[in-house]
Amino acid sequence: MVYIFMFILGLMEFFATVSDNVQVGGAIGNVYRNSPYTLTLHISIFSIFSLLMAVAFFNNAALRDHNNEFNEILFTTPLSKPGYYFGRFFGALFIATLPLVGVFIGMLLGTWMNSIFEWIDPERFGPFQIKTFVNNYVLFILPNMFLAGTVIFAMANKWKSTVISFVGGLVIIVAYIISGSLMSDVDNETIAGLSDIFGINTYALETKYYTPVEKNTISPGFSGLLFWNRLLWTGVGILILLLSYFSFSFKQKNKKVKKENVSNQKSTTTFLLPKLTPSFNTNTNWIQFKSFFYTNFLSIIKSVTFKILFLFCIIILVADLSGGFEYFGLQSYPVTYKLIDSIKDNTDIFIIIIVVFFSGELIWRDRDYKINEVIDATAHTSFISMAAKALSLVSIATILNLFFILIGILYQLLNGFTRIELDVYLLDFLYDNLPLFIAFGGITILVQVLSSNKYIGYFVAILILLVWEIVLSIMDVGSNMLDIGGGPSVFYSDMNRFGPGVKGAFWFNLYWILFAVLGLLIAGALWNRGTKDSLYNRIKTARKEVPKSYRSVIVIATAIWLGIAGFVYYNTQVLNPYYTGDTLEELAANYEKTYGKYRDVVTPKITDAKYYIDIFPNKRDIHVKADLELTNASESNIDSLHFYMSEDWDTKLIIPNSKEVFNDSTYDFKIFKLSPPLQPGEKMILTVDNKFITKGFENNRGTTMIVKNGTFFNNGAILPTMGYNSDYELSDKNIRKKHGLPEKERMPELTPGVTDLHMGNYIFNGQSDFINVETIVSTSADQTAIAPGSLIKKWEENERNYFHYKTDTPSLNFYSFMSAKYEIATRNWNGIDIEIYYDKKHNVNIEMMLDAVERSLKYFTENFGPYYHKQARIIEFPRYRNFAQAFPGTMPYAESFGFIIDLEDETENNVIDAVIAHEMAHQYWAHQLIGAYMQGSTLLSESFSEYSSLMTMKNLNNDPMKMREFLKYNHDRYLRGRSGERLKELPLYKVENQGYIHYGKGSVILYALQDYVGEQNVNTAMKNLLEEYRYKGTPYPSSYDFIRHLEPEVPDSLRYLITDWFKEITLYDNRLKEANYKALANGKYEVTMEIESSKIKADSLGNETRVAINDWIDIGFFMDSDEEVLYNEQRVKFDRAKSSITVQLDSLPYKAAIDPRHLLIDRVYSDNIKALSLED
Amino acid sequence: MSTLKISNLSKTYPNGVKALDNVTLELENGMFGLLGPNGAGKSSLMRTLATLQEADSGSAFLDEIDILNQPAETRKVLGYLPQEFGVYPRITAQQLLTHIAVLKGITNKKERKLLVDYLLDKVNLYEKRNKSVKGFSGGMKQRVGIAQALIGNPKLIIVDEPTAGLDPGERNRFYNLLADVGKDVIVILSTHIVDDVRELCTNMAIMNLGEIVYQGSPQNAIEELNSKVYQKIVSRDTLQQYAKDYKIISNKMVGGQPLIHVFSDDHPQNGFEQVTPNLEDVFFSKINTSNVLV
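Heads up: the protein sequence lines correspond to chains E and V, in order.
Going by the numbering used here, the first residue of the first sequence is number 1, and it counts up by one from there.
Going by the numbering used here, the first residue of the second sequence is number 10001, and it counts up by one from there.
The shape of chain E in the complex, shown without the other chains (with noise of 0.2 Å):
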């Protein structure tokens, strides 16, 4: 048996190793295939599956002379109990460790093999190291299997029972799962790392900053957190150990026996053979089901086994409620679909175990208990034991998951929280989990009536479960049709309810129901009644077993399932087709080597637009038609215009002058010639007319840009792409060499100067500036339609709601259209009109949104200089994604991202005033004024945008140490960013968008800058770039004209930080070894810090050289353990790595600290803090 795991976790981690399809925990990018990184993931990913062979192995070394009724023969041979107990013990951890030596080997051929095949790159695989092997052998594989074996160990001889055993697998993963419930939260991280009992959590915290070459090259050690975890650890599995050692004996525990009471009554009643009349007919059938049911229900309750599963379940739940719902240090208000989201999160699983354990208990009960052949020779039908069966486990899991409910409205009423929604945890349990459950259950008996013992029963319902799913993947089969309970997701909204998914989810739950049904009536049929027969044999008779109506039953259940899976397939695949991951990816690759020839084609400018929209949110319908000026802002003539179509629309092009050359149906794209051509400088108008229409449902859930209530779209999604598309293309670099791409670029190269690149703007690189746009817009009667600018008219038609918009100032091509039922809140200041859309529901946040538009205005207004737009609004849309955007005036918020959260208790800055100060800022940075298409172009608006929302928050709250508390979530973001980087990190000046960069190193860099030279001499740099190209239109700013404007206001001896922060990639690596004090006689305090620091510079894969430093950092105290209240800070120049700093104070502080705002990049900010000792 070992021998067969080993064999499987080996094949899996070949897979792994030389398969893209296949990731364990994912391999990617710079990392290698085989580093220690990867192969440590992968053995501690392997760890908790191999938990259930170590049951096995243990359990089966503690029972087997048990169970073998062997015992009494071999404790009465002059057997050392030692000897017998710890060699059981080691005999089992050693055959324990062997299936995750399979993956060693697993790894280290699929390497050797790759290296003489080449399935994928070589250069995707580093050098062999024997140390990262030894290490996990000792510091992973050993010491879990070890602590596993001792918790089941010591539970199987003190109970000897299997069962049991397995529960203490299972108490071992839920004690898992809680302490990995406690990684969650950024300041309790010594605790998770110390309390996760495999060490995996504490793994990827030592690990959570690594650089893809530090991943590639360090093998865990011995040393840090992980050390100390691993010795606790054991420690604890010793203790164990020897408890379960001094309580065993091979003495037999005298069985207790219970006193019956003996009842004296005897009883005087006479009993009369009553006359019988036993009846079969429709109604018997009913009878015997309701009383196999009864039966097979009670006995799923009583189980030991449910009530432990039950309570772990309930545990969990309750552990992970009790966190509450956190965001950014916030909590989000309890509504229902969080809720429903961590119910499923916590406890579907158990649910699925507990139907395929009992799907098997129920099955081979009666066998078990030797009164198969009593109830199988009654007259009773099996199909009508087969749904009685099925229905207890159905029955089971709805009441689990009903109590589950209770739980959260019992967790919602606690906190206060009154709008319950009794539907909403109905519905999403209709729709989503009992036809999961049911689904399972049918197929789980089935499983167990074909297979021919319960544990190949329970070996094939877990493969189909947990394996069918990746050979799906690998197969790239993506139809919901084959995947079991799959279908379209009803993911909740407050907003617009279950979404578009409802209506596929209705037929694939049909589907999936009638396909349990039909399992059970198979299983009804095959049943095997009596003597154990083979299941051809079973096969062969089972016409005798089933009336004949059965079969005419089956073969009606058949041809209404076969009627449902074409109705299905029809819509899935024919009426909305959809594409594979791998089929996408060939057509991406096709696509360019077939039109990577018109990458340079020429195209117009789009100068002004006219929308003319008209959304109808229930049918999920959206018509537009569209004029586009076109202007040849080229210095050649265009004689042909090229367009990609989407091939979810209906498009029709007109184009005057034209005609169509060229048209391929794969990718929707077409060729117009122009006749004559266009010559510089002239325009044209482009009519587009394009209808979304919904027809029938999808394979998933579909678009949620337009939706019942809350449709958000973009201009860029209703109309065809100009141009070559180079969104099509493939970007990641292993992706491309497998398709015999070049390398791509994610940007052009940043350039100083002006040249043709800085002739585009990142967004839309050259095919339109600032225009003026005018939309009319239509909705349902009972929705408001917005679209960029002001309001000119509104007017109801056709029992519809028009609307006609028209921009104030020429903005970017770039603007959202929204439709849902929206409450308006508006504000005026300053002539500008602050308006909230938004739901009903989502009131309670809304007078504290106005107020940080309202700060925002005033902070940036002052400082960068006019809002150009007459209003400002903020709109509500549903939670399919969670992000806030920013178009021309508008900004577009998701329900989850702000709206729930509960800012009852806040008063100072929060994650939405941040998010919305933001969106404001990106009002400038990004609409007044935008980067050329070229790197470090985000600088300008990301991480400008990012800082500016910093800036209010930090006028706003006046606290050095509140906005410490701020940007560590910065200073996280960037770090662990780079630590998954894919490609190469760059200095912040060239940030390729990317994310963790402009966003997280952006703004910890620019704060830390007007740190250092002033909050107005850096708002003076932006404020002086902004005015030189504002609206400008072409050429665009490189980062480059912001260093030239950001260099007067930098005094010169603080100009190396141009170079350090932006130019290149510096990290700090600050340290307080030592702080002592002694109290001097005038009643003042010394106190004397010896500190470290060095600065590092790193390179795109993060190599770090260490270099000299010579920089001013600061250095303060905080007069309490908690950091709340910060004194005496002074910036001090440090020139060598270890200096001693003597300060004289007035008063005794509580700590002392190096860079006590964190101010600078540091991967280990802990240390650089230390509570004051009394001098020696």
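Heads up, some of the hints might be wrong.
To be verified - Calculated cross-link-like contacts (lysine-lysine; reagent style DSS-like; alpha-carbon spacing at most 30 Å): (1) 10005(V) to 302(E); (2) 275(E) to 10005(V); (3) 548(E) to 10128(V); (4) 10110(V) to 370(E); (5) 307(E) to 10141(V); (6) 10109(V) to 302(E); (7) 10109(V) to 290(E); (8) 10155(V) to 302(E); (9) 370(E) to 208(E); (10) 1023(E) to 968(E); (11) 290(E) to 10131(V); (12) 370(E) to 10232(V); (13) 10128(V) to 370(E); (14) 307(E) to 10110(V); (15) 652(E) to 794(E); (16) 10155(V) to 10141(V).
Hints were generated in silico from the structure; no laboratory data involved.
Dock chain V against the given chain E, drawing on the hints supplied.
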């Protein structure tokens, strides 16, 4: 009056063992004893009649019902107590019997209640009706098994080794019960205890190696052996010699010495004395045709 006609029933297991070899029997109401050593095919025959096992060839008819091809019909008139009878844990005797009564078509709730109480009383378990069956002793469980076999109005009751694990008192009680119901229906009682058959059955068959080696009434069988059975106490070391020289039916130890029974048409002299044959002699003479020491 029901009739059970079994004709040429054969069954060979995949491992080559012939469990039923051309079995032909005809039974009418009353107790029918099926004797045979372990492995003779008794249980196979009974399971086949209880619709729990397929036969390779032959037929079995209970009146008009084709047992082999109409299992559902057969089960409606069947009471069956298998050799191994277990019970569900965590369920009381009353619950279990009620469940089985439902499965046997007793759909009337009142009838069911009265029936279950009646049977519980008959098997002397009424006092324990609300106790979990799991805690019952082997004998008590067996009594539950007997009770369930009697549920409904079976025309055919098959009981496989029913008295195993019962103490003598319980056994008597059981036989009285069986004799009670056996008047009006066919009861097939399989056993390897010869006395059971003698006491209860009007008809019997002896099976060995899948074949029916005798069918008739116990009395006739014994009469056939009249004045043909002789016994002698011999010493252990001469046992082999006797086995060679005489048709030994059986040997058993009496006071530490083997007592042999031999079959002979004439008086074998040599210290043998004639005995009145009993059913045991019949049994052994039928199955021990090769006259080896058993």
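request  = Please flag the earlier hints that this structure goes against, numbers listed from lowest up.
outcome  = 1, 3, 8, 9, 12, 14
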